[in-house]
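There are 2 protein chains.
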Amino acid sequence: MESILTETYSIYFNEAAYMALNEHLNKERYSKIFILVDENTHRDCLPIFLSSLETNSDVEIIEMEAGETNKTVETCIQIWHALSELGGDRRSLMINLGGGVVTDLGGFVASTFKRGIDFINVPTSLLAMVDASIGGKTGVDLGVLKNQVGVINQPRMVLVMVSFLSTLDKRQMSSGFAEMLKHGLITSEAYWSQLKETRLQDPMDGYIYQSIRIKNEIVLQDPRENNLRKILNFGHTLGHAIESHFLQKGEKHALLHGEAIAIGMILEAYLSSKLSGMGTHQLEDIKHTLLERYKKVKLSEEDKKGILSLLIFDKKNTHGLVNFVLLKRIGDSVIDQRVPEHLFMEAFAYYEE
Amino acid sequence: MESILTETYSIYFNEAAYMALNEHLNKERYSKIFILVDENTHRDCLPIFLSSLETNSDVEIIEMEAGETNKTVETCIQIWHALSELGGDRRSLMINLGGGVVTDLGGFVASTFKRGIDFINVPTSLLAMVDASIGGKTGVDLGVLKNQVGVINQPRMVLVMVSFLSTLDKRQMSSGFAEMLKHGLITSEAYWSQLKETRLQDPMDGYIYQSIRIKNEIVLQDPRENNLRKILNFGHTLGHAIESHFLQKGEKHALLHGEAIAIGMILEAYLSSKLSGMGTHQLEDIKHTLLERYKKVKLSEEDKKGILSLLIFDKKNTHGLVNFVLLKRIGDSVIDQRVPEHLFMEAFAYYEE
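The listed protein sequences correspond, in order, to chains A and B.
Mapping of the first sequence onto the working numbering: position 172 corresponds to residue 172, and the numbering continues sequentially without gaps.
Mapping of the second sequence onto the working numbering: position 141 corresponds to residue 1141, and the numbering continues sequentially without gaps.
The shape of chain A in the complex, shown without the other chains:
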């Protein structure tokens, strides 16, 4: 696959990625290279990655605990200390080898260590490949509030090694696929239709490439999310609140990001049918397609109340109002839509019926 170039960095694929990385390391001559992993990528991905790495710089491995519940400022403090103690300086490099938690958190730690060192993302999950590692959003959660603390700062490069996906279980793959379905819903009915026909065990390279291109083109036009970039939040306004709510209930209830976003997309598709002109046929198509792939989650009345009270904290809100991205139809979206409160309960009812 060809590389995707952006203004400030490039995204490389598979064998070309290792070549580009080694060339970059040879040119930059970093004082030290830190590789951030979690226990899973330490075991499954790091040996493969190290075997292709060619550098004369010292390499240090830093391991964090896996999982969204560890995407916290407290984990950052541990890693900042580790970087200091291991002699990290302003000419050090951080390589984030992992899923979205590792790339989000590692990107933030690197962007703030000694006021910013270079970092490279090597996403190992489908979600991180098509979403988290692209676009420069870094950050951590504050309590249950997702991504409350972070910066927008681009990596030096992103390296997509599709073979790492073989380390993922089906639920993780499915979570990442939700973001790809979203790319179809917000920009291209043709892509949505292709993805509907795709099974998770099918070869994914082409679709991963297409999703990254879609996201990248949106981000390039509006890196700081003033306008266009907001469309990437389709399904996320309610989806984030759902994810936070179940995170709050404890780890055994927690949904994966894509699982929460899938619910959010059904709910927000319903809102779209009421407010932005999406037809009933397409609404049914979205619900049917998503429920086929993402098992319906039982929501108690208390759950719904908890989710709605978290909405107000979503970082896309301003002036105390909740802004939504809605669909005009599949493949065409509209930002900054305000939703009357009574529709939320209707949307939940539609999801459940």
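Hints were generated in silico from the structure; no laboratory data involved.
Note that beta-carbon positions come from the ideal geometry of N, C-alpha and C, so glycine has one too.
Careful, some of the hints might be misleading.
Simulated restraints, written as ranges between beta carbons of each label pair [claimed, not checked]:
(1) B:S1193 - A:E65: 54 to 60 Å
(2) A:Q78 - B:T1055: 27 to 33 Å
(3) B:E1189 - A:L5: 29 to 35 Å
(4) B:T1055 - A:K328: 19 to 25 Å
(5) A:L5 - B:R1199: 56 to 62 Å
(6) B:I1312 - A:Q194: 36 to 42 Å
(7) B:S1193 - A:E217: 54 to 60 Å
(8) B:Q1078 - A:E65: 22 to 28 Å
(9) B:Q1221 - A:E292: 56 to 62 Å
(10) A:L5 - B:T1280: 33 to 39 Å
(11) A:T8 - B:H1342: 52 to 58 Å
(12) B:N1226 - A:L220: 42 to 48 Å
(13) B:E1341 - A:E7: 40 to 46 Å
Add chain B to chain A, keeping to what the hints say.
Okay, now just chain B, sitting in the frame of chain A:
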């Protein structure tokens, strides 16, 4: 005094500052305005500031504990939570009303809350006016290591109200004056000579203006400190280590930033006389001038060892080597100078003799 314009923001003085601020608030219509203070600026400066503030936006006051020992990530966590709980969103504004601790920490909190909100610095100490609040360096300490965590991000405006200096004690004024003396040493012998003749009780407006201009011109040419901006670190390589060391010994031993930097400037002036051609006459002038204003601090052998072992952590170091800014003569400096270790003890001996 005329305003100083930079590429991305402006620095306003005295009455013009309030006018510019109110105009800005009227234009931007922030969803909420948070004013960060410490207990001192809450009592001494906030009432004056609020009496000139004209806005329809909600205003919330957030108070942190004063002092360098509170410039920590832990304090940031408290303020990020406060911002969330008080309904802060991406269209909120943060005004940092205080000395260098408040502007450094508040700038970092704002730059990272929901991936960055606008902030305005209103420095109330001489140090913050001529140094900390200008140039976009934000950050906090990590343990005793100064400014290990932070970002470079410019404020929307800086408002310099010289009248706030009447709230400072002599020791605080003297601390800020050290940075002004540094501005003379690194760029202008004429300015150094003027400052030598100045007493702290003299009118300062003109000198504050000149120091801000000097710093601002340097930062504009090299905002990310790749080259030229490093000259602002004269006296700071050893000075930071000295400050950290005494901070580590406990609050009652702590030196103010400028007091530590004054020692650092004498030591690094000595290194300059050995390595970068500064004459003995000027070296003596620097030592004499600084010791007249900053009482000699007793350094035990243990202190010296502690200071030197902290040197390695200074964030200006790369590849494990310690880089210094040295003077060729008063008013002319040179960056990236490596210093043989044996000279450090000689420099201490010169300071003490």
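Please flag the earlier hints that this structure goes against, numbers listed from lowest up. Hints 2, 3, 4, 6, 10, 11 and 12 are the ones this structure does not satisfy, whereas the remaining hints hold.
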